[in-house]
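Hey, can you work out the whole structure from these sequences and the hints?
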Amino acid sequence: MLAMNYRGPFRVRADHKPYPELLHPSDAIVRVTRSCICGSDLHLYHGLVPDTRVGMTFGHEFIGVVEEIGSSVEKLKVGDNVIVPFNVACGNCTFCKQGLFGNCHESNPQATAVGGIFGYSHTAGGYDGGQAEFVRVPYADVGPTVIPDWMDHDDAVLLTDVVPTGYQAAEMGGIKKGDTVVVFGAGPVGILAAKCAWLFGAGRVIVIDHLEYRLDFVRNYAQCEAYNFRSMEDPVLFIKKTTDWFGADVCIDAVGGDAAGSALQTITGRKLMLQAGSATALHWAINSVKKGGIVSIVGVYGPTDNLVPIGNVVNKGITIRANQASVKRLLPRLIDHIQAGRLNPKGIITHRVPLEEVSDAYHIFSAKRDNCIKPVLIPPSARK
Amino acid sequence: METTPNEYAHIIGWGVDADPQNEPTYPMKNYTGDDHQRLNYDRPAQQPTTVEILKSNERPNLTAVFGTSSPPSGLSGAIRRYAFRSSESEYGHWLPLLLADRVNVVEGIIDDLSRGHIPNIFAEKGWKAEWKHNPKGLTQKVLIGAAVTTAIVALLYRKNSTKKSGRLALLSKKLRHR
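Residue numbers (my numbering), protein chains in the order written: chain G, 1 to 384; chain D, 1 to 178.
Because the hints were derived from the structure by calculation, they are not lab data.
Treat the hints with care, since some could be wrong.
Stretch-level coverage of chain D by chain G, calculated; a stretch enters the list once three of its residues show a Cβ under 8 Å from a Cβ in chain G [said to hold, decoys possible]:
| # | stretch |
| --- | --- |
| 1 | 24-33 |
| 2 | 51-59 |
Chain D residues, not near chain G, derived (Cβ > 10 Å throughout) [said to hold, decoys possible]:
| # | residue |
| --- | --- |
| 3 | ASN6 |
| 4 | LEU75 |
| 5 | SER114 |
| 6 | GLY116 |
| 7 | ILE118 |
| 8 | ALA146 |
| 9 | THR149 |
| 10 | THR150 |
| 11 | LEU155 |
| 12 | SER161 |
| 13 | ARG167 |
| 14 | LYS173 |
| 15 | HIS177 |
Just so you know, these numbers come straight off a predicted model, no measurement behind them.
No residue lacks a Cβ here, since even glycine has one placed at the ideal position from N, Cα and C.
Structural data, given as structure tokens:
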């Protein structure tokens, strides 16, 4: 079968790999019909995540058709069209029972800090991902959800990660009606976080980024304010001034370790890798939020350390909430939002690329070429 | 600040998920108290181990399921095994893993060549797309790369020829003395 194959930082290609096998009674094999490249895949692509092995297939945002099921699978049948959440979750451990499906304790032997994630290095369990024609899906009765008949599959594929992550970013912010919410990052997750902030009753939503085409996009898509930090002397000072010198009620870091905006952070985090990515967005979020405010983090960082102003977290009494999105927990509500017309995920898709051209798709997304917001890969079997 | 929803009438669904009781919100929202049972829950069946799986030393066993992609092998595999002796809290865990990742890239190229496949690194880096969307930038990059390479080669050549001519002069001097 055809699959994306990681060869090293900034190098991927489409290759032929063996068809996946059922390795556990709870497994299913899914024939992928669409998969996305996620902004967090770029952290892998840039070589920032430890234990990213050559030969691995990335891809944690995919939907497809069930081809085979293991002996204990009861809720799915061959032929079902399914949304596959990016979290590999058993549904039965202490953490899954709390709805912490991103923190499952029975899906990742290599690290205890994070549950299993499809196609996201061995630090997240060593699973081959969905940027392929077929993929093995463990715990098939837990995560995968049958796509409703009325749902557009372009909407469905974005329910695997980007929409739940954006929604949870807003949810973790504990937004109260009238709150000013600042979202750092106008990538796909930041765009969705801005959009979802309104659902929680935000009074004002401000997005900060440095790419004009993304700022234009989010202004229209999420009906919010959007500003370029390159055009301001100090984004923290800008937020203070525009909130009557008070600070935002909620700040969301939707960037993670690939952030631009600080030479020190870029050199130590992205170039020399002396810290686990550049923490510029998180730094600004902590310093822009009001005293007693909430910082919600969904940006992905590596597992070592980052330079952040932790003293200001203490002195300002900030609450920090963070987690990988708990996709399974959020799906019913998000499906409801799409059906009611409150969310239009497919509106962020800008590129549809054949899986065979995965190298170009990664480069376009990584280098921000051709006004790229969200690329979707289509395997050959799904184009017939 | 009390806000009137009418101000947001143009935003479909404004405030539909607002919930003053949503505190503490996720991740603490659905705390069950089961934490005190620790790991004493019903575990799923264990996936058979068919390839080498490295295990965090912060847990007692393999998880019930795991990925089997790219098992550790070669020098990078040896470095990874060493890394897994340290906990996730230690630099001794993560820094060797980053080193192993870089070693693994070289192993990947050797592996390609040993299978008779010459990797097209330019294609793998997406240069076709770069040429399509940013031809000027790519041309600049190539020209700068070529200039730097030429300068380095010229410098090395000059050093070598200076050394050579120095040695020759010394030799002819010795011969004259004889």
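Right, here's what the structure says about each hint:
1. 24-33: holds (count 8)
2. 51-59: It holds: at least three residues are needed, and the stretch 51-59 of chain D offers 6 whose Cβ sits within less than 8 Å of chain G.
3. ASN6: Nearest chain G Cβ is 13 Å from D:ASN6, so the label holds.
4. LEU75: holds, 12 Å
5. SER114: D:SER114 is indeed farther than 10 Å from all Cβ atoms of chain G, at 14 Å.
6. GLY116: holds, 14 Å
7. ILE118: holds, 12 Å
8. ALA146: For D:ALA146, whose nearest Cβ neighbour in chain G is about 20 Å away, the distance exceeds 10 Å, so it holds.
9. THR149: Nearest chain G Cβ is 19 Å from D:THR149, so the label holds.
10. THR150: Holds, since 24 Å exceeds 10 Å.
11. LEU155: At about 25 Å from chain G, D:LEU155 clears the 10 Å cut-off, so the statement holds.
12. SER161: The claim holds: D:SER161 sits with its nearest Cβ about 36 Å from chain G, beyond 10 Å.
13. ARG167: holds, 41 Å
14. LYS173: holds, 49 Å
15. HIS177: holds, 55 Å
Violated hints: none; the structure is consistent with every hint.
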